[in-house]
Structures are given as structure tokens and as C-alpha cells.
Amino acid sequence: MSELVVQGVGGGLAEVARRRYLLQLLVRKELRVRYRASLLGLGWSYVKPAVTFAVYFVGLGLVLRQNSIDDYAVYLFGGLVVVTAFSEALGNATRSVVANGELVRKVFLPRELFPVASVCVAGVHLLPQLLVLVVGALVAGWRPDLVGLLALLACVVLTGLLATGLGLLLSAVDVLFRDVENVVDLVLTVLVWTSPVLYPTHLVERLLGAGSWTFALYQHNPLTVAVDLVHRATWAGASPANLGRVPGDLAARTAIAFVVAAALVVLGQAVFRRLSGRFAQEL
Amino acid sequence: MAGRVAVSVEGASKHFRLRHTHSLKEGLVWAVQGRPRHEDFHALAPLDLEVREGESVALLGRNGSGKSTLLKLVAGVMAPDTGRVRVRGRLAGLLEVGAGFHPDLTGRENVHLNASILGMGPATIRARFEEIVAFADIGPFLDTQVRFYSSGMFLRLAFSVAVHTEPDVFLVDEVLAVGDEAFRDKCLTRIEQLSAEGRTLVVVSHDLPLVERLCGRGVVLDAGRVVHDGPVVPAVERLRAVL
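Which chain is which? The protein sequence lines are A and B, in order. For the first sequence, full-length UniProt numbering begins at 1 and goes up steadily by one. For the second sequence, full-length UniProt numbering begins at 1 and goes up steadily by one.
Hints were generated in silico from the structure; no laboratory data involved. Be aware that a few hints might be false.
Computed Cβ-Cβ distance ranges for the label pairs, DEER-style [claimed, not checked]: (1) B:P122 with A:V190: 56 to 64 Å; (2) B:V29 with A:V190: 26 to 34 Å; (3) A:G101 with B:R190: 24 to 32 Å; (4) B:P122 with A:R274: 40 to 48 Å; (5) A:A54 with B:S150: 28 to 36 Å; (6) A:G59 with B:G121: 48 to 56 Å; (7) B:P122 with A:V33: 17 to 25 Å; (8) A:L4 with B:R126: 29 to 37 Å; (9) B:K25 with A:L217: 33 to 41 Å; (10) B:H38 with A:G211: 48 to 56 Å; (11) A:V6 with B:V29: 38 to 46 Å.
Take a look, some chain A residues computed to stay more than 10 Å from chain B by CB distance [claimed, not checked]: (12) V107; (13) P128; (14) V184; (15) W193; (16) L207; (17) R245; (18) G277; (19) A280.
No residue lacks a Cβ here, since even glycine has one placed at the ideal position from N, Cα and C.
Same shape as in the complex, but just chain A (with noise of 0.2 Å):
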């Protein structure tokens, strides 16, 4: 036994790391009660994006003719996996200190735990939804590249850590404010358009024109990066002429997102600590 010590004051994301054990309690926890008395269970995570693809795929794909882009069934789920994971991500990592204010109200413990396990639970979400990614890649035409792998494990790190950083902003502001919710909902509702999912880019530069800043902030949303990534990652192997079709600068762009993202982790983190002396008395 040590030193006289303030009490309530966390270690933050550092104490997070330390307590694994807790914040894997906690993801199984979530996943338990989300399918509790489900015949499906975890395949739910299966059935949900497999519908959504179907009705983008038949609609967009075979009814309006997306004839631009080759194997566009890759294309689409490639970039439907990534903004369904990071909205899952979001959307629940802001309601995650709200829901767990029982728990808040009555023992300390670092509250970074509920956002960052969120987070977590996406990822379990997100990682068959890759295998079927990565199998419906290889059927398509893909033969695994370095680049490709790389550019894989950039998108779900930068996914990761964008949907952690926001997430812990606006879980902190969610528990004064409960209309970030409603807010956060509709942003992500937004999200598949705001990114070349179901469209290929060149079409957003001739509307945008190509030198435009409008265009510049485009390419440089970080989930657009991130988009980008998974289909340099896995569409772009699976004919020849698709490689030369994904945006220029990725590289460039996947540094800037990867600045912006950390960035908003420690904005995320800092904000979170200012405002958790207050969830006690306000939740």
C-alpha cells in the first residue's frame, strides 16, 4: 500500500489497455445481450449486410446500370463493409455512456471502457463481413497483394481509430446533450453517399470539378480514404483495368487521414476527461 491518491481520476486510453481483461467482459457482454433468445445469432451480422448489399446491388447495379464500374458486386460490398462497420462503431460507441449509466453512477471505473468496447464489438461484427470480402475478391479475380493487404489493414486500423476517437467525443457530449444521438443517426445515414460506395469517383469530380476545394474535401474525408483503401485493397485486383481506376494520392491521403484520425482520438480523449467528472450527477 502506497500513496494517498485522488480518487476518479483516470488513466484514460492507457487504462483501458490495462484493464483488456474488463473490456473483453464487456464486448462479450454486449454481443450476449444483442442476440440473447435469437436463433440466429451472430449470423445476423451476416443476414443484415447481405440485404443490403442485395437491394443496392439489384437497384443501382442491374436497375439504374452502374456500367462504369467492373465487377461492381466488389466494388460495393468492399465499401459497404466499411461505412455498416464504422456506423455500427459510432452509433453505439455515442450511446455507450448513456446506456451504461447505472454503472456509472455507482462505481468508479475508467469510462473510456464503454465507448472503446463499442468499438470493439463492431470489429467482432466487421471481421466475417472481410472474409466474405476477401472470398467474394478471390472469386472475382484477385490474387492477394502486398499492397493490397496493406491497404486492408490501413482501412480497418483507420476505421478503427476514427470511430474511436469521434466516439469518445460524442459519448462524453451525448450524456449532457442527448440530441447528439439523434444528430449522430442522421449523419451516419448519410455516410454511404458521402463516400464513393455505390458510385465510382470520377463521377463526384466532373460534378464537382476536378481542382475544386469542394472536390479536395471529398477525397480527403478520411472514411472516402478508407473506402478507397479496401478497394485498392481488394476490387482493384480483380480485373486488370481496376487498378488504374482508383483515385490518385491514396498514399498521400491515407497519411493525411491517418494524422486527422489520431488527432480526433486525442481531441476525443481530451474532451471525454474534461466531461467525466460530470456523468455521475447528470446521468
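Guided by the hints, dock chain B onto chain A, whose structure is given.
Chain B alone, transformed into the frame defined by chain A:
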């Protein structure tokens, strides 16, 4: 008194802002009407308190006198507005038995989850698991979802986890009304044992005979101030006089 300081409260105060509305519309209407949108409520006046290692202290007082707020400050669940609150060693708070229990998990899963929430590592949990389950005495229900437990079984399991975390400082808030007579006695014996091992105990309870049994020192709070601090029997008498 011997022993180092285990819990140190220096000039800690806490006030709550009771917000009547979060809504923009109501806020605007109320502002025009000149109606206050919030009220300030002082739960704790700047307060000093020191608890030595191995002491068992009862926080006494009427409802709303600030006992639970003080305990929450010590537990670190809330931060004081002024002053500081420090604790030496590992702390476990029984601010509510079973906070962190989830009805959809089995008893076994809840033991792991809750013990981990209270700060135990995986190896310690595995080592104490049998002991925890034996103490709770819930028989064949260990692998049943907690939602199917009787309230007594639920409390026994939750309490058992908490008393087996073996903290240096143990906070207990009005949770000793658990289970039947026999189990209650077992709990008290266990707490007395913890205390005898030299652990520090801070108890909030309205059950005065129980407080007299468990604690050596009584601190009476009224309106967020310490009005009496000394051996428990006179403190309880003082409280009875106030009530």
C-alpha cells in the same frame, strides 16, 4: 490513533445544479417569464474528514444530509467542486449491490464481469471463484441467467463478489439489508473479519444497531456538515436525539 491516513477528505464540497429543463423551447419561455431554470443545492459544505487505516467509520445522518454524496466522492464516482479527496490503497465500493450485474448473463459470467469491474484481475478471479460461489450458496443456479434468480439469490451472489475483492478500503452504502437472517449474519461476520484484518471500513446505514456492531467511530452529518465525530455509541445517541 495509530495507523496512517487511509481516507483523506480536505475541504471537499459538492453542490448540484438541478436543471428543470434541457429543452431549448422551455428554456426560452421560462427565461421570458422570469422563472428560474435551475436551482442550486448544496449537498456538502466544505468538509474535512480523516479515516485511519483499520478504522471502521459509520456515516450517520438524516436523509439528504450528504452521507451518500460523501461516499460517492470517496469512491471517485463524482469529483468534488472544491477541495480534494484521497484514498490510500485499493478501494471497493458497495454503493449498490449488483450494479454491473446484467440479467441476461449467467451467474458465472456475472461473477467474472462484476469482479473485474471491482478491480480484480483474471488470475485472482479464477483463484477466488470457488470461494465466491460457495459463500453465495446459490447451488445449481450458477449457470442460469440471473434474470431467473430470486431477489435473495441475486443479492447473495452480488454481495459475495463484493466482499471477496479484498480491498484496503471498503465502502458500504445501505446494502446490508440483504437476504435472510442467516445470510445477513454471514455477511456481517465477513465484514467484521475484513475489519479485523486491518482493512478500513466506511459504512452508511440507517440501521443503528448494525452500525453499533460494525463500527468503532461515528460521524454524524447534518446539511452537509460534520456535527459530531467520535466513538460510535455517543454518535448514535446524538443522531437519535436529532431524529
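Report task. Identify every previously stated hint that the structure contradicts and give their numbers, smallest first. Result -> Per hint list: 1, 4, 5, 12, 18, 19 violated.
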